[in-house]
Structures are given as structure tokens and as C-alpha cells.
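Hey, can you work out the whole structure from these sequences and the hints?
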Amino acid sequence: MIKPALRDEILLKIEKPVRYLGNEVNMVKKDPTNVDIRFAMCFPDLYEIGMSHLGIQIIYDMLNRRDDIYCERVYSPGLDLDKILREENIPLFSLETQEPVKNFDFLGITLQYEMCYTNVLQILELSQIPLLAKDRDDDMPIVIGGGPCVYNPEPVADFFDIFYIGEGETRYYQMMDLYKKCKSEGLGRKEILKKIAEEIPGMYVPALYEVTYNEDGTISSFEPIYDTVPSKVKKEIEWNMSDTFYPEKPLVPFIKATQDRVVLEIQRGCIRGCRFCQAGMIYRPVRERNVEFLKKLAVSMLESTGHEEISLSSLSSSDYSQLKELVYFLIDEVRTKGVNISLPSLRIDAFSLDVMSKVQDIKKSSLTFAPEAGSQRLRNVINKGLTEEIILNGAAEAFRGGWNKVKLYFMLGLPTETEEDMEEIAILSDKIARLYYDTVPKEERHGKAQITASTSFFIPKPFTPFQWARMYDKEDYIGKARVVNAKMKSMLNHKSLKYNWHEADVTVLEGVMARGDRRVSKVILEAYRLGCMFDAWSESFSNDKWMQAFENTGISIDFYNKRERDLDEILPWDFIDAGVTKEFLKREWKRALEEKVTPNCRAACANCGLKPLGGAICNER
Amino acid sequence: MRDKIRVKFEKTGMMKFIGHLDVMRYFQKAIRRANIDIAYSEGFSPHQKMSFAAPLGIGLVGMGEYFDIEVYSIQGSSEDMKNALNNTMVDGFKVVSLRKLPENVPNAMSSVYAADYTVTIHGDNIKLSPKELSEKIIAFYNQDTIITEKETKKSTRMLDIKPLIYSLTSVDGVTKMCLSTGSTDNIKPELVMQKFCETYLGIEYTEDPILFDYQRDEVYTNVAKEGEAMKLVTLEDMGEVIEG
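Note that the protein sequences, when read in sequence, are chains W and V. The C-terminal residue of the first sequence carries number 621 in the numbering used here, and the numbering is unbroken. The C-terminal residue of the second sequence carries number 244 in the numbering used here, and the numbering is unbroken.
These are calculated hints, taken from the structure and not from any lab test. Note that the structure is predicted; figures quoted are calculated from it, not measured. One or more hints might be untrue.
[To be verified] Here are the simulated DSSO-like cross-link-like pairs (lysine-lysine), alpha carbons at most 27 Å apart as the crow flies:
no.: 1; chain 1: V; residue 1: K94; chain 2: W; residue 2: K256
no.: 2; chain 1: V; residue 1: K94; chain 2: W; residue 2: K16
no.: 3; chain 1: W; residue 1: K16; chain 2: V; residue 2: K188
no.: 4; chain 1: V; residue 1: K154; chain 2: V; residue 2: K127
no.: 5; chain 1: V; residue 1: K49; chain 2: W; residue 2: K363
no.: 6; chain 1: W; residue 1: K13; chain 2: V; residue 2: K150
no.: 7; chain 1: W; residue 1: K195; chain 2: W; residue 2: K134
no.: 8; chain 1: W; residue 1: K364; chain 2: V; residue 2: K49
no.: 9; chain 1: V; residue 1: K195; chain 2: V; residue 2: K153
no.: 10; chain 1: W; residue 1: K522; chain 2: W; residue 2: K190
no.: 11; chain 1: W; residue 1: K102; chain 2: W; residue 2: K3
no.: 12; chain 1: V; residue 1: K127; chain 2: W; residue 2: K3
no.: 13; chain 1: V; residue 1: K127; chain 2: W; residue 2: K13
no.: 14; chain 1: W; residue 1: K29; chain 2: W; residue 2: K249
no.: 15; chain 1: W; residue 1: K582; chain 2: W; residue 2: K234
Here you go:
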């Protein structure tokens with residue numbers, strides 16, 4: 001057995017020592033002296049969060065299939081261990097071999113949300129790797145970033161050597177081969193990075209690009225330093241989702257992770273084209289996995305893990321064409337063995353209600369709708385195809401089936417939003433409550449209707465039609481929530497309604513991180529220096545420190561958040577070719593302002609730019 | 001009436017840092033991986049019929065840990081099922097035996113009565129020759145009463161633990177003790193060593209640095225009839241080997 005990097009005294013003192021021990025079921029064991037490349041894969045948050053992420057498990061499995069690579073894992077140490085590592089100068093270590101990360105060839109960090117950026121700095125500092133890429137020497141690991149946030153990597157560009165733009169399945173092997181070749185030729189760090197940028201599609205090496213700015217602060221030019229380095233970095237797409245890497249033996253944590261279950265990704269991408277949704281744009285086109293492939297995977301993953309639950313994962317499961325076959329297979333084949341089935345993101349209709357009544361306790365479960373906007377007008381603006389009629393019909397059917405709890409998700413701060421749109425959130429919630437009392441006779445009711453409406457604040461994201469939109473001040477956001485809250489209280493059925501809203505502090509920061517440029521890295525660094533870490537956790541988030549960091553660095557929040565960007569402005573992420581064209585995004589932005597709906601990919605092609613690349617759905621007709 | 005099976009296992013190495021609830025979760029999944037035909041409760045979230053004997057604290061090695069399961073059917077022999085489970089264990093967990101319980105045997109948790117522990121000095125954190133240690137342990141155990149402060153959730157009370165220490169010896173630097181264990185009068189070896197340190201070594205008991213390593217060796221039930229002297233039998237011996 002491997003000896004832990006931490007001595008017993010530390011392990012007995014810290015919260016959940018198991019986070020740092022590895023040794024889980026299905027952990028890959030290799031002799032690190034027998035491999036050519038050591039890769040540390042990191043999710044920059046607590047173990048329980050990071051272990052729930054499918055992407056890392058896919059890459060972990062993929063890299064470890066090769067005998068010449070050993071991929072290990074590392075997560076953010078909790079604040080208690082963080083303090084001890086600093087005090088005792090213990091370098092951050094991998095879970096598998098418990099060896100220092102700084103001795104690895106690569107440190108891969110997945111960027112799943114902007115509020116993890118200070119945790120990236122924590123990981124680097126605790127690993128004793130210089131925070132800035134330019135300060136790293138030949139002995140240091142190559143730090144590579146991936147995940148959805150790399151569709152605008154600029155705010156963290158100074159901290160990374162490479163960003164892998166796109167889906168992880170396609171280019172890692174090629175990059176590893178090139179790295180080995182470079183090493184055998186004795187090339188140094190800078191030469192290796194340049195080779196990777198030149199030869200491997202999807203690889204962005206920020207140090208090889210130069211940015212200049214106009215007097216008003218916008219970008220004037222964004223160019224590679226060398227002719228041999230591509231000026232556009234094209235995102236990588238895995239085209240064959242049924243003949244690709246997928247972990248048949250996923251890791252099984254000892255402690256309860258957020259996803260304590262088998263996760264089956266049934267398809268990638270989404271046909272819907274909601275204009276606020278970055279995932280719906282950057283994972284285009286929709287690619288389904290073959291249902292037989294999925295059945296086989298479900299069975300083998302349940303056998304290899306012993307998990308008691310399986311969850312289907314996708315952006316919109318109801319759009320998966322083989323859903324019925326897959327779900328009834330799971331009900332017949334695995335539910336009988338005591339396995340629970342969890343079906344998030346299902347459209348409410350006769351089929352889903354039948355399935356839900358089979359796999360859930362109706363008394364305890366609730367229906368979920370995500371209208372995202374209260375009024376039909378605003379739903380047209382955001383291209384959310386859900387109409388009031390669909391919601392009310394679905395809810396009525398569910399009420400007749402015995403449900404009485406409904407959860408509704410909305411956004412505030414969407415482009416063109418008026419006070420009326422905000423109030424419509426309360427009006428729609430009230431209509432659903434009224435529907436319950438109209439539909440279900442008194443003697444058949446299981447208590448009151450419980451309608452819970454939640455709002456988050458909209459944050460414009462790169463590569464969406466709303467990437468040019470403005471944001472608001474913290475006070476404005478709170479004001480919007482107050483409008484909804486007041487209206488909720490005035491509704492007839494207000495006793496059946498509950499309203500939750502999010503804090504606005506984080507929204508403002510996320511806005512800056514999402515659409516910032518390279519200069520934003522100074523704020524992140526300063527915030528980290530002031531003690532910011534685990535900003536995604538409300539108990540450790542400090543807005544005051546962040547505001548101090550903006551003040552200290554002289555960076556303006558309003559410049560990034562409150563401008564409506566000009567359509568001709570060079571955006572920090574324009575160097576990425578994400579598949580969807582800028583013309584399409586502009587067209588959609590215009591149609592949004594005209595309140596025009598665009599049909600989904602299955603109904604009609606909107607010429608987003610993916611069709612020429614050869615997606616199956618794009619060329620069905 | 002469904003069959004009940006008692007599983008004995010070891011928890012060693014760094015797995016001593018896994019808490020009791022996580023050990024339960026680990027074995028629930030292991031049983032599924034090993035295709036043991038375990039029985040489930042009714043309802044929308046069925047759970048396995050499983051009962052652990054005595055929780056082992058974080059940091060203690062266990063060489064004789066137990067849980068009972070109910071099964072719909074028995075597939076193969078004790079050896080077959082043990083092998084099936086061991087094929088899916090991680091380093092640090094090992095199934096030692098698997099036995100069928102006769103019908104009238106109470107479940108693991110309610111039958112726990114005593115446990116054996118081995119205590120050794122961590123590194124050389126206490127400078128004491130084995131001979132000195134042995135003499136001091138004997139003197140400590142020869143007291144008429146050993147009054148300790150026992151902390152419960154609500155209060156601290158004074159308790160004489162002498163009658164709850166069924167045996168206590170130290171040979172060649174290795175201290176062994178048999179302690180009352182279970183839902184009533186549960187005594188932890190740390191409590192014994194803490195009192196020993198304070199009264200017979202004149203040192204403060206600390207966890208940083210760690211002074212002692214602890215291992216639970218075996219868990220017993222008491223089969224004496226009322227009025228008879230204590231008669232300890234291992235939980236394992238309450239079951240019968242399933243032949244192939």
C-alpha cells in the first residue's frame with residue numbers, strides 16, 4: 001500500500017481525511033517509474049465536487065489506457081489542510097501515488113465555472129509552481145486548462161501554459177506523442193509549447209499571442225507572435241459519440257460525492273438554441289450516443305461500481321430520440337436490482353410522468369419547469385420554446401397524477417426585460433397554483449399546492465447571441481428581485497407560492513470573469529493575494545476583498561459589465577473558432593431584439609456554422 | 001425467514017482514516033459488485049438489509065470487524081462468497097470470513113459485549129522500556145478503582161472503568177486489553193491510555209504528536225446465562241461455515 005503524503009497527526013486533525021488518500025475502487029495503479037508521462041488531472045474545488053465530474057473521469061480513463069502515461073488526480077485542499085500545507089511547506093500531492101504535483105509532466109486543470117479561478121492559484125501555489133506561466137522553468141509541469149470556461153480563457157491566460165479548446169476525447173494522445181518526441185529531442189519548455197501550438201489543433205498557448213488595446217480600453221489587435229502559430233484556434237469536436245472513450249469502471253469515492261451515482265451521458269449538445277445558453281452553442285451540433293452502446297455501458301458501470309443509482313445526463317434529455325427505449329430498459333433491467341433511476345431535465349409530458357411515477361415517490365418528488373422568463377414576449381427574446389400552454393398542460397396532467405409540488409426556474413436581468421416581464425414571474429406562478437385547486441377536487445388533494453419559483457441573474461456568456469449584452473449593478477439586480485417578491489406577495493394564492501433569489505455579488509464578479517480580457521488576471525491574482533479562495537462557496541466568499549482587489553488594480557467592473565458591446569468590437573475570445581459563426585450570433589442577437597423565435601435544429605437549420613463540418617443532425621434532410 | 005450472514009473483515013493501513021458511515025457505504029457497494037443476493041427493504045428507495053456490529057473510530061486499525069446481512073438466497077459456499085467480495089476489495093479492506101447465522105442468534109449490533117485491543121507506542125514518542133511499561137501497566141490495572149471522566153453528549157460524569165476493563169497486560173512493549181463494548185458501558189482504549197498516561201507516566205495525553213497506535217483485534221458476545229460468569233465467544237463463532 002502507498003504511504004500517505006500526510007502524517008497521521010495531520011490526517012486525524014483535518015476534516016474528511018479520506019479526501020486526500022486516494023485508494024478508491026477502480027483507482028488506476030501503475031508504477032510511476034515505468035511510464036514516460038505523468039499527468040496530474042485537477043478539478044479546482046473540494047474532492048466531493050470534483051469527483052462528481054464526468055469529464056475528468058473520461059480523461060482519466062482515456063489517458064490511463066496507455067501504458068506510457070500515468071494520469072493521477074488532485075483536488076483543492078480544504079481550508080484546514082491548506083493552512084497546514086503552507087505552515088509546514090508540504091507540496092501539494094496527487095491522490096494515486098501521493099507524490100508532489102510539481103514533479104509531473106502535466107498539470108491539467110478543468111475550468112467548469114468562473115468562481116474557481118482563485119482556487120486555480122491555490123493549486124499552483126500549494127504545488128510550489130510559479131503562478132505566472134512566464135516564471136516557470138523547464139522542470140515545472142506544463143499547466144493546461146480545459147472545460148467550458150476556456151471559451152474565454154483570457155482572464156486566466158497568464159496562469160496557464162496551454163488551453164485545450166474543445167472536447168477532451170480527440171487530441172490528448174496526439175499531444176502526448178508530440179511531447180514525448182520533443183522530450184527525446186531535448187527541447188525546452190518554450191519550444192515544446194510552440195510545437196504544440198503549431199501542430200495540434202485546438203491548442204491555445206497564450207504566451208504566443210500579443211494583445212494591444214485602443215484608448216477606450218477595447219482590444220485593438222490580437223495576433224500570434226509567429227506566422228507558424230494559427231491566428232484562429234479551432235475547437236475540437238468528438239464526432240462519433242458511440243465509438244469513443246467512456247469509463248466503464250468509474251472511480252467510486254468513499255465519502256459521499258455530489259454525484260454519488262453512475263452518470264450516463266446520453267448525448268452531447270442541444271438542438272434548442274436558447275440564446276442565453278452557452279452550453280447550447282459551444283457543444284453544437286447535438287450528437288446522440290447509440291442506445292445499445294448506452295445500455296451496455298449502464299450495465300457495466302453499475303456492475304463495476306456497485307452504485308445504487310444511475311442518472312441520465314444531457315442538456316435536454318427529452319430530445320434524445322431513443323429515450324423511451326433506454327428508460328424502459330433501465331426500469332426493466334436495473335431497477336429490479338434495487339437501482340434508483342434519476343432523470344433530470346425531462347420535459348413534462350405523458351411519457352415522463354409515467355416514468356416518474358415508476359421511479360420516484362410522487363409524494364416526495366416535485367415537477368421542474370425552467371421557463372427562464374415570466375412573459376411570453378421575453379421567452380421569445382431568449383428563444384425558449386416553452387409556452388404557457390405547455391407548462392399549464394404539463395402541470396395539470398401532473399396534478400391529476402398526484403403531484404402537488406412544482407419548481408420553477410427563471411432569470412432576471414435578461415436583455416429587453418421590463419418591470420412587466422418581472423411581474424409575470426409571479427403571475428405565472430399564481431396561475432399554476434390556481435390550476436392545482438381547479439384541477440384536483442378538495443377530497444383528492446395532498447395538502448396545498450407548493451409552487452417554488454427561483455430566480456438567478458443572467459450573465460452574458462461568450463459564443464452566445466447575448467455576448468454583446470450589458471449587465472447591471474448589484475443594486476439593480478436586488479431591485480429586480482424585489483419587484484418579483486412584491487408581486488408574489490400580492491397574488492391571490494400567495495400562501496402556496498415561495499420565492500427564492502440569489503445573491504447579486506457573485507453575479508457581478510462572474511460577469512467580469514466570463515467576458516474579461518487578459519487584464520482581468522491582475523484582479524484575480526490580487527484577490528487571491530488578499531485571501532480569496534473557494535469563492536463558489538458562500539461561507540468563504542468575500543465580496544469586500546474582491547472589491548478591494550478591483551480598487552488596488554484599478555480595473556473597472558463597469559467596463560466589462562455595463563457596456564453594450566459594439567458588434568464590430570474585437571472580443572477577447574474572437575480568436576477561437578467555436579463552430580458557430582459570428583454572423584449567426586449577430587443574426588440571432590438581432591432576432592432576439594425583434595422578439596423572433598428561431599426553430600430548433602431538428603425543425604429547421606438556422607445555419608449556425610456547424611453544417612459544413614458534417615454533423616449528422618445538420619445533414620438529416 | 002431469510003438467511004442471515006455474518007461477515008468478518010479487516011480494515012488496515014490508510015483505510016483506518018475512513019469513518020464508520022463511509023465504511024458502511026463502501027460495503028453496500030462492494031456487496032453489489034460481488035453479486036451477493038442481499039435483501040432490500042420495500043419502497044421507492046430500497047436499502048440493503050445490513051447491520052454493523054460496533055463502529056470503529058477514525059484512526060484505529062480493525063482486524064476483527066463485523067456486519068450482518070440478510071439475503072434472498074445463498075450462492076455457493078462461505079469461501080465462494082468471501083472470494084467474490086475479496087475480488088472487489090481495495091487495499092486495506094479484506095474479508096476474513098463469512099458465516100451463516102443460526103435462526104435464534106441476535107444481530108451483530110445487539111450482541112456486542114467486549115472487544116480486544118492492541119496498543120503500541122507510536123514511533124518513539126514515549127521513551128519507556130518495554131519492562132518499565134509492563135510494570136506500570138500492571139500497577140495501573142492493580143488499582144481497586146480507576147475513576148475517569150467520561151464525556152457524553154450532554155455532560156461529563158465520573159465513572160469507575162476498572163470493572164469494564166476485563167483484562168490488561170503489556171509484554172515486549174505491546175499492550176493488550178479487553179474492554180466492555182456495545183451500546184451500554186462502551187469503553188474506548190484511548191480513555192484507558194489517557195488515564196494511564198496522566199496517572200502512571202505523568203505526561204499529558206495528546207493526539208499531536210500521536211502517542212499510541214490502536215488496533216481492535218476481535219469483538220465478542222457474552223453467551224453466559226443469567227447468574228453465570230462472563231463467557232466470551234467471538235461474533236464469528238456464532239455463525240456456521242457454509243459448505244459448498
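Hints, verified against the model:
1. V:K94 <-> W:K256: With Cα atoms ~22 Å apart, K94 of chain V and K256 of chain W stay inside 27 Å; holds.
2. V:K94 <-> W:K16: holds (22 Å)
3. W:K16 <-> V:K188: holds (21 Å)
4. V:K154 <-> V:K127: violated (37 Å)
5. V:K49 <-> W:K363: It holds: about 24 Å lies between the C-alpha atoms, which stays within 27 Å.
6. W:K13 <-> V:K150: It holds: about 21 Å lies between the C-alpha atoms, which stays within 27 Å.
7. W:K195 <-> W:K134: holds (17 Å)
8. W:K364 <-> V:K49: Status holds; Cα separation ~23 Å.
9. V:K195 <-> V:K153: Given that 27 Å is the threshold and the Cα spacing comes to 20 Å, the pair holds.
10. W:K522 <-> W:K190: Given pair K522 of chain W, K190 of chain W holds - Cα atoms ~23 Å apart, limit 27 Å.
11. W:K102 <-> W:K3: holds (18 Å)
12. V:K127 <-> W:K3: holds (25 Å)
13. V:K127 <-> W:K13: holds (24 Å)
14. W:K29 <-> W:K249: With a Cα-Cα distance of about 13 Å, the restraint between K29 of chain W and K249 of chain W holds, given a limit of 27 Å.
15. W:K582 <-> W:K234: holds (14 Å)
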